[in-house]
Amino acid sequence: MENRQEILLTGAGGQGLILASIVLAEAAVNDNKNVVQTQSYGPEARGGASMAGVIIDIDTIEYPEVTRPAVLLCMNQASFNKYLPKIEPGCTVIVDSTFVSGPFHKDYKVQSFPITRMAKEKLGRDVVANMLALGVINAATGIVNRDIFRESIFKLAPRGSGELNQQAFDLGYHLYEEGPGQDVGISVQTPQ
Amino acid sequence: MENRQEILLTGAGGQGLILASIVLAEAAVNDNKNVVQTQSYGPEARGGASMAGVIIDIDTIEYPEVTRPAVLLCMNQASFNKYLPKIEPGCTVIVDSTFVSGPFHKDYKVQSFPITRMAKEKLGRDVVANMLALGVINAATGIVNRDIFRESIFKLAPRGSGELNQQAFDLGYHLYEEGPGQDVGISVQTPQ
Amino acid sequence: MALIEHLTQEYLRTKKLPHIWCPGCGNGIVTAALIRAIERTGYDQRDVVIVSGIGCSSRAAGYLNFNTLHTTHGRALAFATGLKMARPELKLFVIMGDGDCSAIGGNHFIHAARRNIDLNAVIINNHIYGMTGGQHSPLTPTGMKATTAPRGTLERPFDLLVLARGAGATFAARGIAAQPRQLEQLIVRGATHKGFSVVEALSPCPIAYGRRNKLGGAVEMLRSMKDSSISVERAAETEDAELKDKTITGVIYSFDAPEYAEEYYRSISDNKG
Amino acid sequence: MALIEHLTQEYLRTKKLPHIWCPGCGNGIVTAALIRAIERTGYDQRDVVIVSGIGCSSRAAGYLNFNTLHTTHGRALAFATGLKMARPELKLFVIMGDGDCSAIGGNHFIHAARRNIDLNAVIINNHIYGMTGGQHSPLTPTGMKATTAPRGTLERPFDLLVLARGAGATFAARGIAAQPRQLEQLIVRGATHKGFSVVEALSPCPIAYGRRNKLGGAVEMLRSMKDSSISVERAAETEDAELKDKTITGVIYSFDAPEYAEEYYRSISDNKG
Amino acid sequence: MAQAKENGPDGDLINNRNWCKGCGICIAFCPREALFMDEYGKVVKEQEKCTACGICETFCPDFAIVLVKRRLSINAGNKTGPDARQ
Amino acid sequence: MAQAKENGPDGDLINNRNWCKGCGICIAFCPREALFMDEYGKVVKEQEKCTACGICETFCPDFAIVLVKRRLSINAGNKTGPDARQ
Amino acid sequence: MPETKPVLMQGNEACALGAISAGVRFYAGYPITPSTEIAEHMAEKLPDLGGVFIQMEDEIASMAAIIGASIGGMRTLTATSGPGFSLKQENIGYAIMAEIPCVVVNVQRMGPSTGVPTAPAQGDVMQARWGTHGDHPIIVFSPASVYETYYLTIAAVNLSQKLRQPVIILLDEVIGHMREKVLIPEAGKLLVEKASDLVPSDWKPYDEKGLTPLVPFGFGHYYHVTGLFHDQYGFPTGDPPQVERALDRLHHKLEKNRDEIILTNYIGHKEPRVAIVTYGCTVRSARAVVTKAYWQNRLPVGLLSLQTIWPFPAREIEALAKQVDVIIVPEMNMGQIVGEVERYARGQAEVIPLNRYDGEMINPDQIYEQMGRWLS
Amino acid sequence: MPETKPVLMQGNEACALGAISAGVRFYAGYPITPSTEIAEHMAEKLPDLGGVFIQMEDEIASMAAIIGASIGGMRTLTATSGPGFSLKQENIGYAIMAEIPCVVVNVQRMGPSTGVPTAPAQGDVMQARWGTHGDHPIIVFSPASVYETYYLTIAAVNLSQKLRQPVIILLDEVIGHMREKVLIPEAGKLLVEKASDLVPSDWKPYDEKGLTPLVPFGFGHYYHVTGLFHDQYGFPTGDPPQVERALDRLHHKLEKNRDEIILTNYIGHKEPRVAIVTYGCTVRSARAVVTKAYWQNRLPVGLLSLQTIWPFPAREIEALAKQVDVIIVPEMNMGQIVGEVERYARGQAEVIPLNRYDGEMINPDQIYEQMGRWLS
Ligand SMILES: Cc1ncc(C[n+]2csc(CCOP(=O)(O)OP(=O)(O)O)c2C)c(N)n1
Ligand SMILES: Cc1ncc(C[n+]2csc(CCOP(=O)(O)OP(=O)(O)O)c2C)c(N)n1
Ligand code: SF4
Ligand code: SF4
Ligand code: SF4
Ligand code: SF4
Ligand code: SF4
Ligand code: SF4
Ligand SMILES: [Mg+2]
Ligand SMILES: [Mg+2]
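Chains as they are written, first to last, in my numbering: chain A, 1 to 192; chain B, 1 to 192; chain C, 1 to 273; chain D, 1 to 273; chain E, 1 to 86; chain F, 1 to 86; chain G, 1 to 376; chain H, 1 to 376.
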């Protein structure tokens, strides 16, 4: 299972996390990897908790559920509260500081980015926050070849919105490169 | 099983055989016997084959189906053709000569009475042929105390028709006492 | 004899006769009218399908020498919908009893009407569940007796054709077994109507309905059925008060609307083009 | 705060809020109107029962602080019929979605109408199967898109109140979420009507219906709902042509007929006496 | 199958005695009182009274009466195809 | 449960921020343009504009707005009985 | 209860009378052969007892209506046969989930599908256990006589009330339509106690601590009833531990009351070599054989008849399998309960199915013949 | 068939595409979570292929409609979940009785009743076998991956046609909603052959001699289709020998084709001491364990996964039980298939159920732990 990489995307229904997971999975397929994508949701169409998992491996993937994520994305406070206690040391935690305000306990390596705010401010559309988050994740982990990822985004985006979504993805890279938490007011703790 | 007596009433749907079997069973109950009454019929409400069985015993009755009838009543030709080959020697066979015209093979002790015709001619109602048949049967076998039987008929007959039905029953006795086949034109064979 | 038999009873499975219906049961009269109606449409025998549910009346399918489909209780129209969509060129006649159509089958009835799918429903309304021995149906008139309404039913009946109309049906007619020629005619008109057509055929059930309600035998039931009916044309010229207890026969309504199977096939060929 | 909360939201299970409905979903508006209507009837809270089926709208039962019964999909009226017959003194409100009521539940709907049993049906018609994500329902207008009608549905919709009428309903009204006060009023009138009453409440589903059909968000949907509606009183004074694309609101029909539960209990006490 | 073939003024009337259940409907609705029940509960016809109007045929619930002439004219065409008449 | 209690000319308006989903319906239908969305996507009121007409209450799909005065008058009676409000 | 003089009674009638004796005052149904007489008796009798008889539009509605009436506090019953039993399954599952008491009678006929409506069969035994979706517990009785039909119906009503669990009576057509002499207590006019306000205010419909009586609607307990998984107040939850607890609750209540639920009867030799295990009307044929073979001929044979077929009398079979060489399982189907017998015999005894599925009863001769093979 | 490049595909989509590849051109259904995507894919794709998609008024009608369409000569499929599956049961029995081919997909969710609509469970396994009334045979597949969903759907359609028997696909929610990389042949536009007049004139729909292909309506064979027991021409009969023959016919056709129907797969040690038997998504967890335990650690363990769960692979289990000490049966229910495994193990191996029923998958650790106990 050494090659197995698990990514957990969490937040509220309607934030496009399931779509993001599909795009990530598609990108992994295009990058010639094995992949399994799953999701879970409650009875709500909107507003409930939303969770999607992607497992990427070079070998066959048997057990399809995420158990020890290498990356955890939290797009709202509720999901942050719920999933943070469940992860293991070494997991990269990326949170959207637009909605998540801590507490950032020092046992977890939490990196905070104003994902939704930037999507809105820089691109005028908060709906692309999900692609922006993917940019941050891929920048942080390099799971999928960046160009292949960009192509997959274009392919899966709703008609006419391919480029916008790619921009969001790139903006994610940019944010990551600027460093976590730099433009947010809250303190980010990255324990060693 | 020595005390077990099985009576099979057969004919066409609508001839009142099931009611007759119920009356016989009720009479047996009133005569302090154990009794099981069963019936079988096809999908037709009228006109199809109709069959009812009554088992009377002093002991507990386990198996509820008629297998070796002591008495077989055939109220139409189809049932005569169907059931005659199934009975065992020693069975009393009573047929309604109004509808059954043989063949009366000599292996069977067949007794023929113009049951329906008499009901119509003497009582003006062929619907009481069933009670008339019961009279013949009870006269032939004495299974149930005659008075108890008459009371049971009164009890179960549709309102206002108690006496008519009792008359039919009595007429059955009368017919039996006159002897089988006496007033019908067809030959009756009663092998020894 | 063989020739005559062939010519006269081509559409009957003669080896299956006599049928299981009681003496005097109206099912046979309606079935005969249906046969004559099909004959008059000129449809190729191969294209004609008889679908039925479960009940005395639905047993008609077994006697008719076409493609015959005897389904589950109440579901005939749903089976027929699938078959019609799969093979729109077939001509489907759907025979149902009043219970089959309007009790357990009520939902399929209203949805077939809504879709206006080209099925010809022939409902044999004997006002009772015949096959199970005489329980009240949603078409049993209030006050009439049944084994499950020994003191007379308290329920209000549907007017089947009004119900159909409410659901969107585009053709409805009512005939009576006591006027078999008119009934035949109405079935022909229903069959030639494009879309869902409903023909309600009032029919005597002397055994499970007539007897318990002291309506007399089959002959009396047919006679009073005839006496209490009035054609829609004559009804139009009659005072409302006089019509109160009358059964109106004839084509009650008929108008055009898009037929579902045709619309569907048109739409998919549009897509392709 | 506690006092205020108690007085204002006595009929809500406040601990269960916020509810599961999407932002802008009309279910909450209709539910609020229902609460106000029940309040206005003056019924004892203990006597009020909310029965619902399955669907987004049917989840309302869980938020209402009465005796609440969340049943199976389409069967709410059948459960309610049993309960009403067992306990005729209870006041039953039956909340259903358009699919719940008119698709899978269509048969129970027409039979409740036929029996004229004293149930108050409130159908939240969002023209779509909301809970399962946007499939067309029997009340989706022809041509509108749904996940199972990606090119627009070809089916003809029911007019729910016409269907109810065909089945024998004695009271029907239509309100819209965009006029919550009128809706409240209509529910009160339905509740005080003896017999089966139907209140259809048009309601926006911005997520599963509005978005796919480019109808805008909740606000736009409410606005256009309001713009395209006309009261039955005003409609009476308007030319037919103008009414073509209008939704008529108000009490569409109301008349008296024997109510089933009452008739039943009267009949059994007659028997006894 | 026993069939009684009788001649009337305008056409043959086939009465399939095996199918007749003796309901009496044809008798009641024959406008000419041409039909009556025999001792076996089956219908027979008084030939001279019958006008071959066909009413009895349309009324018989048991397909037991068929007027030959009318049907012959209708079924003039030559029908083919497998026929699994059972 | 965080509740913002605000005074208007004719009655209090309770806006339950936890329940508000920011749909904007109340804002759109308030005849006085007295409501607006705050930075957290929750509704707040400009007190002086509100006439306590109650429209926002009837329109809010989330039970997040309650006009106190009106309800007080209606619920004057003393209700009892077990209350399993969950 | 005072015994009256012997009467001739049909199985279906005994079912209706048993129900009435047990306080059933609500019947909703849809006619179907061979169950219809139950409805007809109810239609005749209930109105005079102040009860409700209603004929619904179909079997789905019938099942829904009795659940609704049960929530209103009435004791309820419905009856049907195979096709209708299939249709009721969804709502039977609802009653199980929401813990609403009610009794469902299935007078079995020959299936599958429309089958032979008037012919007897025991083909719905496994369906009675597993007919509705999802894991669920069930109680099923199978009477062997008219009298058993009467008292098992009473037991069914009472157990159903006590456990808040639907109980199914699988009646054989043979039993339902047969008339027998029976001694039946006069139908006492049991009054159904109306629940009152006096329920403790901490009453919870699905109390974690265990069973609580169902408080009908209308007494001020504003609880929620749903077919969704729910917490102890009845409100929906999808939380895994709560879901598991809820499902355990449903099953445990049956396990805890096993002794009251599982009714079986053994007759015959104390140390049998061959045992017959059967149920329903087939018990009659088996009893005819065993009475003769054991009582008359003292052969080492026995008969375990199952009045309760579900929950399956596993322990009884395990014990039996340890005693005997052979267990013969006659059934009027292609082999249904025999699978369970094999399972719990665990290879300890040979298990021999004896099946008949032509729409006729298994007769004593068939059983005798099979038994004979293993005795010689 | 040419393989295309790898694609990411959801289980429900694979089911729809598999069906289309196998020639299905008719879908009738009613939406229900978690099966709805199958309908949605069909609604999207069928019209362009000249096929029919119709959303019916409920599940009963959906089942009826596909049977009707099958009689019209189309290959048909419907999909649903627990509550809808319960409703379809009556008409599934009809299709079995009348021998009408069709495929029914049940994407299982947590039950009973409404349960937890979005949570996975394997609770309908026994219902799939026994859900409709009367003795009846059934074929049920249970795919463990998106790819298996695809090819088992194709197999289901073809088997169904060949045997004139409904086939059920029990899909797990996990598989139905999961997306995986798969290699799938391009959906070839298989043309459904329309039956012609050229059927031999002695063709009988239910020929005594054995299976004949179904000749659709409209080709001059005026046969009768009914859910009643019927003779070889399809006409009703209640005659006991004919009834028995008809029921035997239904069952024998499955027995005769056992090898084609029963698909299982064994991986692991040649002489295992502990074997796992499972199906559906639970195979995934088991495979994770067995691959590690056997391939990496060479432990004497094996996994028998069942693609076909009904007819039950009895012989395979019998053989396995003779080899091993212990069979562990993990299931996402309270124990369903384990009963069959116990039955056919006949006491030869210890059979250990491993159940989870909280709406979550059984994870490899749970299986590993249980397995460990029996290895040490
Ligand atoms: C699901 C189901 N429920 C009930 C029945 C029993 N049943 C057979 S026919 C019938 C009603 C028959 O009444 P109707 O439809 O009016 O037909 P008729 O016999 O009067 O012609 C019933 C209830 C059945 N076969 N299947
Ligand atoms: C027997 C059954 N079939 C299907 C479903 C799935 N289902 C749940 S809600 C629903 C339809 C919801 O539509 P509607 O009734 O209009 O309510 P809405 O969600 O729009 O308020 C469906 C099909 C189910 N729960 N049970
Ligand atoms: S019971 Fe009635 S409907 Fe059925 S066959 Fe007899 S007369 Fe006809
Ligand atoms: S999906 Fe539609 S109906 Fe359902 S909660 Fe959302 S907006 Fe409301
Ligand atoms: S054809 Fe006319 S006249 Fe001749 S017997 Fe028949 S009904 Fe009478
Ligand atoms: S109508 Fe037909 S069945 Fe009736 S008596 Fe005349 S010929 Fe015989
Ligand atoms: S009460 Fe009226 S005026 Fe005040 S905020 Fe609400 S809608 Fe606006
Ligand atoms: S209507 Fe209600 S939920 Fe919507 S914004 Fe206003 S207060 Fe919030
Ligand atoms: Mg009828
Ligand atoms: Mg809706």
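A few of these clues could be false.
[Claimed, not checked] Taking lysine to any residue pairs in the SDA-like style, the calculated list, with each CA pair at most 25 Å apart, reads:
(1) C:Lys15 x H:Asp239
(2) C:Lys16 x G:Thr118
(3) D:Lys214 x F:Phe29
Keep in mind the hints are simulated off the structure, nothing from the lab.
Hint check results:
1. Between C:Lys15 and H:Asp239 the CA atoms are separated by roughly 17 Å; this keeps the pair inside 25 Å, and the hint holds.
2. For the hint pairing C:Lys16 with G:Thr118, the CA-to-CA distance comes to about 20 Å; that is within 25 Å, so the pair holds.
3. For the suggested pair D:Lys214 and F:Phe29, the alpha carbons sit about 21 Å apart, so the restraint of at most 25 Å is met.
Going through the hint list in order, the structure satisfies each hint without exception.
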